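Assemble chain B with the ligands onto chain A, guided by the hints.
Chains as they are written, first to last, in this note's numbering: chain A, 300 to 1113; chain B, 93 to 196.
No wet-lab data here; the hints were simulated from the structure. All values reported here derive from a predicted model rather than from experimental measurement. There may be inaccurate statements among the hints.
Said to hold, decoys possible - If the Cβ cut is set under 8 Å, some of the chain A residues that face chain B in the computed set are:
id: 1; residue: Leu488
id: 2; residue: Arg490
id: 3; residue: Pro692
id: 4; residue: Arg696
id: 5; residue: Ala699
id: 6; residue: Pro701
id: 7; residue: Glu725
id: 8; residue: Thr768
id: 9; residue: Ala799
id: 10; residue: Arg800
id: 11; residue: Leu1005
id: 12; residue: Glu1007
id: 13; residue: Val1010
Every residue, glycine too, gets a C-beta built ideally from N, C-alpha and C.
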Amino acid sequence: MTRHFVGFDLGTTNSAAAVFDGEQVTVVRNRQGGVLTPSVVRINAKGVATVGARARGFLDSDPANTHGGFKRLMGTRKGLRFAAAGVERLPEELAAEVLRSLRGDVADQFGFAPTHAVVTVPALFEVPQSHATVKAAKLAGLEHVELLQEPVASALAAGWDRTEAGWWLVYDLGGGTFDVTLLESREGLLRVVGHDGDNFLGGRDVDAALVDWIVRDQGLGLRREDAAHAEALRRLTAAAEEAKIELSRANEAAIALPAALLVDGDAIEVDCVLDRGTAERLALPLIDRSIDRCLALLRAHGLDASALRHVVLVGGPTAMPALRARIAERLGVDPAEGLDPMTLVVRGAALHACAALGSASPGPGASPAPSPSAAARNVLLKFPAMTTDPTPPVLGRCLAKPAPAEVRLERVDGGFTSDWTPVDAEGAFFFLAELQPRRANTFRLEGRDRDGRAVTLEPSTATIVHGVTIGDPPLARTIGVALASGGVRVYFERGAPLPARRTFVHHTVEAALPGAGVALRIPVVQGDFDEAHLCRLVGAIEIDGGALDRTLPSGTPVEVTLSLDRGGNLSAQAYVPAIDEAFESVAHLLVPEATPEVLEKAVAELHERLEALRRDAFRLQLPSMVADVDRAEAELARCRAGTTATRGGDEDAGQKARRDLLELEAAVTALEAARRWPELEGDAREAMVWATSWMSSHGTPAESRLLEDAVAQLEQALAQRNPRLLQLQSRHVRRLGSAAFHRWPGAWGSMFEYAASRVHEATDLRRAAEVVAQGRAAQGRGDRDGVRAATEQLWEMLPSDVRTRARSHRSDVR
Amino acid sequence: MDPLADNPFFVLDLTPACTAIEVERQAAKLLAMLELGLAAAGTHASPLGRRPRTPEKVREAAAALRDPARRAAFEPWATAPAGAAPSAPGAPWPEAFAALTWWR
Ligand SMILES: Nc1ncnc2c1ncn2[C@@H]1O[C@H](COP(=O)(O)OP(=O)(O)OP(=O)(O)O)[C@@H](O)[C@H]1O
Ligand SMILES: [Mg+2]
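Same shape as in the complex, but just chain A (with noise of 0.2 Å):
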């Protein structure tokens, strides 16, 4: 019986599937016998959709009809114009076309539909464009889909067939993006140890440049500003790409355009020839800029390029020979041979698909389980569906009373057999299968009653594919809930290995009234900083008074689960125990609308900020701060330039200096984090001394060495002046320290007495009042519970001021 796992590429230029049987990889071939299909749609009058090669011829003659690059638009609510048939289409409605021609690929070639796929997305897609490319795949009819990562993809399929250990780089140059994984293969075992990346960077500056140098040479006079010369320029544009894939074989390729362009009203005919020489000129600086992103992602681990052992090339624009040299001189290691650039990533998401899908319940595609007999007995059995252990765990556990007593574990080629194993008290039992290398391994369970009879056993077979293991992908960025008072709770801290699902209970600070409108609004937020206002908003729980029957008062609890899947998909639950409700209505932020007029009021605002650091670096006298303002007004201006594009109409220009002058908020961010610096070691020196001081007298003896341990971290993080790991090492330490101080028999009394002081600015001035008098009361009689609970309903009573909740995302939880 053989079991078919699906993966899909979903790129930006081209998107392919693959076929993993267990034992050998199949990238699948679309109607007109290629590999990949370009991800273009074109939608005709009668609204008949078309993708793939035959799209694309129209992209050029009929781009009224015709769209590519969407994938750069998942996530937004920017509808395509299909003219003819009168339609819009949104960006996830074209990507799933692309996969339902895909999945009708497979199902010529294999004789089934697959219901169950991964699907790959770039390593920086943020939380909405995740959640839109599984919307897309639902779309295509895939009823299970998991997301896969695509440096991480890459990596399973390059390490399928390489076992040496060592370090490497998975270089992805893709057609608008770059991205960098850092791997370390030890004992078999593959482990993402970092990444980094460009989000504009890719084969289209190479184009771009290739424009503006026929546009200089041949004195064409094309502003990207000018929508009139939009048109132009798109057509130049392809030809220049044409060009430069030509260039990758041969020394010289003409530029050609089948009809004269048109500029201001004139005809122009473009005929030129450009040589390998002038585009691998004119391509350089982009090249090295990915492979700075390369040396800086070693510098971050504290390695150098010597301790390379593989790069690997994926990607289009990997195909170009100069780049290829460049890399070898710089890294000092040549592109690893025999992995083919363009279909790695998909291989990859087709060997993901065995590893995460295998241990479900066989799809389509695995040939029909022989119909249970009635005497059957169900077991539950959990197995690796692939990994890298010769000897695996195999468990199972028996749903069926009475259990078999003994159970034993075979495998298909008479190659193993485990010994008869009885079956605990829980009904469950335990084995470590052998595997043979490289191979799937098809496993026979039997079992006998305590006379020794034969019991049927359902289901009765496993198959484990002995192959590569990738450690759970780390979480790119931190993601929590932000509270009214400004923080954040983290729920998942970067690094944090996917999939993840975790609970907090949080309180509201304000009445939630019926009614129309959103009542309760609990904000989600990725970013690697302690306050709200610092980290990108991500999405909301809302809860809508009209699901309310009464009113929730100012306290009430609040249990939000967040759940992350391996590929980053994002879903959050709120459950309200007072009214007994879930709600799952998580509000996805959509990606914002990159209109001119948004982008140039952050590159403004941008501006500003940067212009208010400049001012504190000279102040301050901080040289290096000084240079770092300049780099990142540098960075501006590019965008500056992007936010001109898209006032000449093109969509694509806006999204992508959307991206950077996200990232360059980053940056920004960072650096006024540098800023508050002062600040940050004067509350990590605060809370050193705090905890210090009440370790001393009320820690345990290991309380006190982990302590010592969290402060010389957070010494070397003072020292090193990274605030984020600062950040993190004083709330480790303060966790510590109040540890030790609720061990003091005063600990609750004080904190009362804090509270107490603040009551004049309770929500609820009487109740507060008769708290304090219940408080006062129980300090009175030595009950420490009663002091406690007093300060915690005191607690909750107490408002954060408006200020901070607008710095909160509006946040209505604490």
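Same frame as chain A, but now just chain B with the ligands:
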């Protein structure tokens, strides 16, 4: 991750002598046991007494031990005898930290 109570070696029931493959094997086994709802997987020993074990903790522990630098940082703590000390009296109220910073 608390290096004492939630030391990854304790979470995974392993000693610092274990190999990388053993970490993967044990994590896979414990995740399966948790999914099957087996009682033995529900808690783990630690010097502060038995602690709850969740799938997230198992994944985090495995991730920590995969990284040689982080693994090394946890090794010294893992030699403390697990289960030796009784759990601390009046274990700190988990919200205390939040309360304190909120009041600062
Ligand atoms: N032989 C070649 N030489 C140079 N560049 C090439 C060659 N073939 C393709 N390209 C360029 O590669 C880019 C597309 O690469 P690729 O198909 O890897 O991107 P993608 O996967 O669609 O994008 P992304 O990964 O960013 O979503 C285009 O810019 C194209 O011009
Ligand atoms: Mg790609």
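### Query
So which hints don't hold here, by number, going up?
5, 6, 12 and 13
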